[in-house]
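Build out the structure end to end from the sequences listed, making use of the hints.
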Amino acid sequence: MRRGPSWFNITAITLGFAFLYLPIVLLVIYSFNASKLVTVWGGFSTHWYVALLSNQGLLDAAWVTIRVALLSATFATILGTMAAIALVRYGRFPGGTLFSGMVFAPLVMPEVITGLAMLLLFVAIGFARGFWTLTLAHITFSMCFVAVVVQSRLVSFDRSLEEAALDLGCPPLRTFFTITLPLILPAVVAGWMLAFTLSLDDLVISSFTTGPGATTLPMKIYSQVRLGVTPEINAICTILIGIVTTGVIIASIVTKRREVERQRAERLAFQTG
Amino acid sequence: MAGKSLTAGKSLGPIRRAFAPWNDPTAKPFIQFQNVTKTFGDFTAVDDLSLNIYEREFFALLGPSGCGKTTLMRMIAGFEEPTSGQVRLDGQDLVGVPPYRRPTNMMFQSYALFPHMNVWDNIAFGLKQDGMPKPEIAARVDEMLALVKLEKFAKRKPHQLSGGQRQRVALARSLAKKPKVLLLDEPLGALDKKLREETQFELIDLQVKLGMTFVIVTHDQEEAMTVADRIAVMDHGKIVQIATPAEIYEQPNSRYVADFIGEINLIEGTISAIEGGITTLDCTGTGAKVQVTQDGGAKVGDTAWFAVRPEKVAISLTPPADPNVNAVTGEVWDIAYLGDVSIYHVRLSTGATVKATITNTTRLVERPITWDDKVWLTWSRDGGVVLTR
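Sequence order for the protein chains is A and B. The first sequence begins at 909 in the working numbering and counts up one residue at a time. The second sequence begins at 23 in the working numbering and counts up one residue at a time.
I should point out that these hints are in silico values taken from the structure, not numbers from a laboratory. Quick caveat: nothing in here was measured; it's all calculated off a predicted structure. C-beta atoms are modelled at their ideal positions from N, C-alpha and C, and glycine is treated no differently. Among these hints, one or two may not hold up.
No farther apart than 30 Å at their CA atoms in a straight line, the calculated lysine-lysine pairs in the BS3-like style are these [unchecked claim]: (1) A/K1164 / B/K177; (2) A/K1164 / B/K179; (3) B/K171 / B/K150; (4) B/K260 / B/K311; (5) B/K156 / B/K231; (6) B/K50 / B/K215.
Where chain B lies over chain A, by a calculated footprint (3+ residues, C-beta under 8 Å) [stated by the list, open to error]: (7) 1057-1071; (8) 1086-1095.
This is the structure in structure tokens:
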């Protein structure tokens, strides 16, 4: 047996990661390009980051995107959690399978169809398209993702914990907030983060359901790219990558630390038991 | 063990403890099930069942899984509502009262300790729901921690405790509110044998000390016999027999109970005579004639079963004075040496097997009776009972 990676493994890893990250690395490098031409390197500069701050159109779009993402992720989490609880808890009822299928259908539904359907609905009821229709549409498509994440946690949830709380005199609603919610919170937070990122980068459904005055960042970038890529776009994308990367790193550190703590606690119990 | 047979038959009085409200017609039942039925879809978990449990009683519901014992307990706790019938506690109708308004507390099989709270908060949880003032909560929690000897572990989370410690926290939490009834759902199932036996005696002491009514659900007959004042043996949603552990063991009312509790030899026969308090059975399967001081409600000509515990069967190499009554002969087929006792399986000429238990009162060097020996099995007239169902 040889130790260490073989040449084949090294090649495979290099190629795989290059395939995944080369475009992103290029984008980050070119965001520091002094030249106005995207494809020609003109020396290092943070010029485009400064220029970004004065590009009101992009900043407005970023602000709309963040507001929509925060609002829709929060409401999608509430609705998705409620849907998950209903589907897991109310056991078998006539049409139960159909119901759970229907909650998860938007997961596989082509975005174009969801977007078009939402557009038709808003037109039919005469809802002026803009920020709120955008938010509603985002809630709709992201809540099923939350439902999936929370449902998988609830399936393994020990019902006797809730029964114990009821038995000790805690009414059902208080039981939910003092026992159930704290225990499924990791799944709920994960669902929220998923909904947030989905909303952040959605282009297709947003294009269908938005109106004047509510342009999201992906829409703005897309429309600008059609006129030609500017280094400003590279700069804002680099900032987004930075935010997402920081989030992922923090989340993994927290999880790792908790795991280490749990293992130590279990060792402790084993020693004293 | 053989001495025990003297107390079988009709005179069970001396075995009973002084506490026996179920024999007192003026005693008021504390928990009352009246014609309770519970169905889940087309499955009947509890079938038209009536049952009285008395105050300060340690009552065990015993039966195989799926017999309805857990459903019955969950109806006291309020997690299940009866499909029909009445459940009363201390005169109060419980039907429709949600679990969080019932004066009962339950210790769950899985302990159901809240994993995100430490031991102290787990025990205080129920007290906080009642809006008890903080100093009183603190005093009661400390009292409970002392009761289960876990003072040092108050700040530990459940996953930082061993199985036995978790079991104690669960017990302390369910006792903290001083419930009228403590429900124990297979409370010791997750503990190893030694710890389980210790805990059984601690439970009995605790129940006497606190003067509370305990209802325990278990499938472990030894556990039920150790802790309970009375046992209800259940099968298919019905109670087959309710009696004290000694009565259940010595005077089972059916083959089901006799077989479920302990070891038993069941011999089928026909009642040929009932005279002078002696019932005579002709046992076709063994070719023996059996005489018993009890008739089990059978009439002459009925088919009945003679049930005798292996420890009440004596084994000998020499034939008894009267080899035609209460005696069978056969060959030693198998010997199970368990240390304290040995169980002999004796194969009769008819093919039936009868078991006899011998207490190993001396150190076993060489067995006086061994494989393939021709032996005689005998029992006294009051060593067994006649069962008609």
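| query | So which of the earlier hints does this model not fit? | reply | 4, 6
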